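Read off the chains here:
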Amino acid sequence: MIQKTILIETKRREEMVNITPQIKEFIRSSVKDGRLTIFVPHTTAAVTINENADPSVPRDITFALNQISPKLKEFTHLEGNADAHVKSSLIGCSQEVLIENGELLLGTWQGIFFCEFDGPRTRKAILRLN
Amino acid sequence: MIQKTILIETKRREEMVNITPQIKEFIRSSVKDGRLTIFVPHTTAAVTINENADPSVPRDITFALNQISPKLKEFTHLEGNADAHVKSSLIGCSQEVLIENGELLLGTWQGIFFCEFDGPRTRKAILRLN
Amino acid sequence: MIQKTILIETKRREEMVNITPQIKEFIRSSVKDGRLTIFVPHTTAAVTINENADPSVPRDITFALNQISPKLKEFTHLEGNADAHVKSSLIGCSQEVLIENGELLLGTWQGIFFCEFDGPRTRKAILRLN
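Chains as they are written, first to last, in my numbering: chain L, 1 to 130; chain B, 131 to 260; chain G, 261 to 390.
Among the hints, erroneous ones may be present.
In silico contact screen, one side only, chain G against chain B (beta carbon under 8 Å); selected entries [unchecked claim]:
(1) Phe286
(2) Ile287
(3) Ile309
(4) Gln355
(5) Glu356
(6) Leu366
To list a few chain B residues with every Cβ distance to chain L over 12 Å, as calculated [claimed, not checked]:
(7) Gln133
(8) Thr140
(9) Pro151
(10) Phe193
(11) Ala194
(12) Lys201
(13) Glu209
(14) Gly210
(15) Leu220
(16) Gln225
(17) Leu228
(18) Lys254
These aren't lab readings, by the way, just hints derived from the structure by calculation. None of the values given here were measured: they were computed from a predicted structure. The beta-carbon is built from N, C-alpha and C at its ideal position, and this holds for glycine as well.
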């Protein structure tokens, strides 16, 4: 088992942070073939895989998620971030990525993004190789 | 391979049931390090990880999911539960959890919830250690 | 490590294609017990598990996803498919399936669907046994 926790400093309430470079660095010199779990130990954040080329894509996804899961007047959670908890369950707190010949097996346009829904905060993501 | 199927008796049409205690009991005395897959073999239910401290969080998530995936008049599925099938695909029927030193590697506030979207029913979740 | 890439020819902009038969063929004669990762290397597609019996279910899910993630006038991504990127992150680009006694451990009604959100295209899904 090889495991590492990386830190992510988010700067806005909602933000998608590209963590592909840290993940590539982690698997370098680690394994030739295997599988990587990326686990986010937070309940108002998530991790997703999406387009890494045009920065308008994470911006549009962040915008759309605010439409899909707005702050609702019926929410009862007193911290005022129930919308962020909903987004966390919609996107999910883990991703599985395959490794082949020591490289992340991602599609041409894919990158891995930490999704902040209730920032800014210092956040963690756990990387585990299997 | 170590595997167990747990039963969940749901009491309402939509409900999030905390199954963290059963999962902790399953991994106790099983492994020191590893990975657990939680797989829900149903198409109108799901499994998610979210806040386990304040019961208003699962209640607000359940409420929001009814806004996000309401019953639509255009649905053609005759059983009348297409909204539940949509929610199942949005949340997902499996979760991966890491185990470290024999403990679930969850964040401070995280718990694992079985999500019922078309209950009440007797449901299953399959726990598999790898 | 046993891995295979399958091709999926989609025929519409939005479509759910049942890929359970190809996956069953892949695991046949491969393993007795294990776990299968299905990874979609695209950012406007996804993979989900849902009801495989009544074709109205994938049709209703596709319809509902168009309501949940419509084309928004505020989107800035110039390719005009930001709605498809949003759907990809909502549904997710991978699924984990358990294998027991050489068979997919799916529920009675479950099938595995490739989700096209910006077709028609020739798409891939990577199957990896662990």
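Hints numbered earlier in the text: which of these fail when held up against the supplied structure? 1, 2, 10, 11, 15, 16, 17
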